[in-house]
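Number of protein chains: 2
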Amino acid sequence: MVKTAAIITIGDELLSGDVVNTNATWIAKRLYEGGVSIRLIATVGDEIEDISRLIHFCRDLVEWIFVTGGLGPTHDDITREAIAYATGRKLTQNEEAQALLIPRFGDGKYTLKLTELPEGSEVIDNPVGAAPGFIVDNIVVLPGVPAEMEAMFDLIVDRFTGKAPDVRWLTLPKYEVEVADILSEASRLFPDVKIGSYPQWGEKLKIRLSSMNPKRLDEVLEYFRKEGLDV
Amino acid sequence: MVKTAAIITIGDELLSGDVVNTNATWIAKRLYEGGVSIRLIATVGDEIEDISRLIHFCRDLVEWIFVTGGLGPTHDDITREAIAYATGRKLTQNEEAQALLIPRFGDGKYTLKLTELPEGSEVIDNPVGAAPGFIVDNIVVLPGVPAEMEAMFDLIVDRFTGKAPDVRWLTLPKYEVEVADILSEASRLFPDVKIGSYPQWGEKLKIRLSSMNPKRLDEVLEYFRKEGLDV
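Heads up: the protein sequence lines correspond to chains W and L, in order. The numbering of the first sequence is the UniProt record's numbering, which starts it at 1 and goes up by one. The numbering of the second sequence is the UniProt record's numbering, which starts it at 1 and goes up by one.
By construction, these hints were calculated from the structure, which means they are not laboratory data.
Since copy identity is lost for identical chains, a pair holds within one copy or between any two.
No more than 27 Å apart at the CA atoms, straight line, and that leaves these computed lysine-lysine pairs for DSS-like: (1) Lys226 with Lys109; (2) Lys113 with Lys206; (3) Lys113 with Lys204; (4) Lys226 with Lys215; (5) Lys163 with Lys215; (6) Lys206 with Lys109; (7) Lys90 with Lys113; (8) Lys3 with Lys163.
Work out the full structure: start from the sequences and follow the hints.
Written as structure tokens, this is what we have:
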């Protein structure tokens with residue numbers, strides 16, 4: 001399975017705050033549940049140069065990159081071109097994509113725009129809409145329409161994921177500073193358990209424990225109790 | 001005013017899909033309404049090296065970087081340290097921050113953790129909670145708790161923003177391919193108008209026009225009508 005991934009969502013509408021980025025959260029959750037560690041989630045506009053730079057940045061950081069958005073037929077859909085540019089590949093008519101789309105949508109110029117993919121791409125069929133997705137090098141590219149993206153992600157998710165880490169959430173009626181010492185010590189004693197601390201409004205603190213080894217979570221809880229926390 | 005900005009939100013809980021990134025959307029909207037073009041929104045975990053790399057990436061891309069999250073007192077709050085590392089500055093006790101916090105919270109070690117900022121930082125007071133924000137070089141750093149972040153952003157927003165672009169949304173009962181030619185031609189004829197096309201579920205298309213010059217939006221609408229669109 002894949003150990004590390006980044007998620008890139010493309011679209012000016014996400015940068016202006018008009019649309020909340022639910023796609024990134026959805027993919028992050030699915031990958032995380034499958035044991036993949038997400039190192040970066042990023043949104044960039046419909047600009048070839050910006051997308052390409054971000055792809056290069058992610059390639060130095062993670063094993064796999066998941067990209068959504070900008071695969072439609074209009075002038076502002078430039079993701080295919082940007083990925084080709086970023087990977088140093090030509091855009092060419094993909095025969096597999098043509099075989100999927102032309103029988104359904106004809107061979108008009110917009111269909112042919114959708115089937116023009118970076119050379120050597122593996123095609124991901126779109127069971128819900130038109131634009132096919134593709135995989136090239138270590139980049140998985142899916143449309144931005146959530147129903148399409150989700151259906152297509154489900155077709156390929158098994159290739160990337162494995163066992164999920166165990167997660168426990170605790171809520172404590174405490175200010176963060178009251179338990180900071182205990183958390184810090186627990187973090188030192190249990191290096192294989194990730195301990196997150198998220199202050200909520202007022203005297204309420206959420207603690208998140210995660211580990212690939214569920215027994216260790218029990219040990220952390222035992223340690224918390226020993227330190228006087230009611231968990 | 002500032003022309004380009006990036007927004008970085010820090011926190012493992014955002015990468016696992018447990019929490020939707022509302023802070024980034026909120027800041028993006030406020031900056032966008034003030035005429036600032038957002039080039040990148042990114043989320044990264046509580047890792048000094050990842051945060052530092054992302055800061056360097058953003059510095060090549062935009063004028064100002066807005067960062068939220070990881071300013072609390074616990075072991076996983078490493079944003080102060082990461083920004084110091086990324087900017088090549090020392091972390092030192094900030095006297096202005098001490099003067100704000102010690103009268104309210106005492107001089108315990110957790111208060112002193114909050115007041116340890118990159119050398120030369122300008123302090124942003126936190127009227128809602130404890131952790132102060134700061135500005136260093138071209139980086140604005142705010143807490144991740146939304147109520148704190150929002151109140152503090154309001155204290156400084158005027159420094160960065162100016163006139164907003166005019167925006168119009170249209171909804172057309174069309175598939176995207178039916179109007180793609182018209183949109184593409186309009187985009188060529190009106191280069192100072194940004195035209196976004198967002199397919200919705202079924203036969204419904206949202207079009208977003210934006211420009212610093214409202215007259216040009218009227219001209220685009222006139223062009224659409226001439227081409228037979230009911231707008």
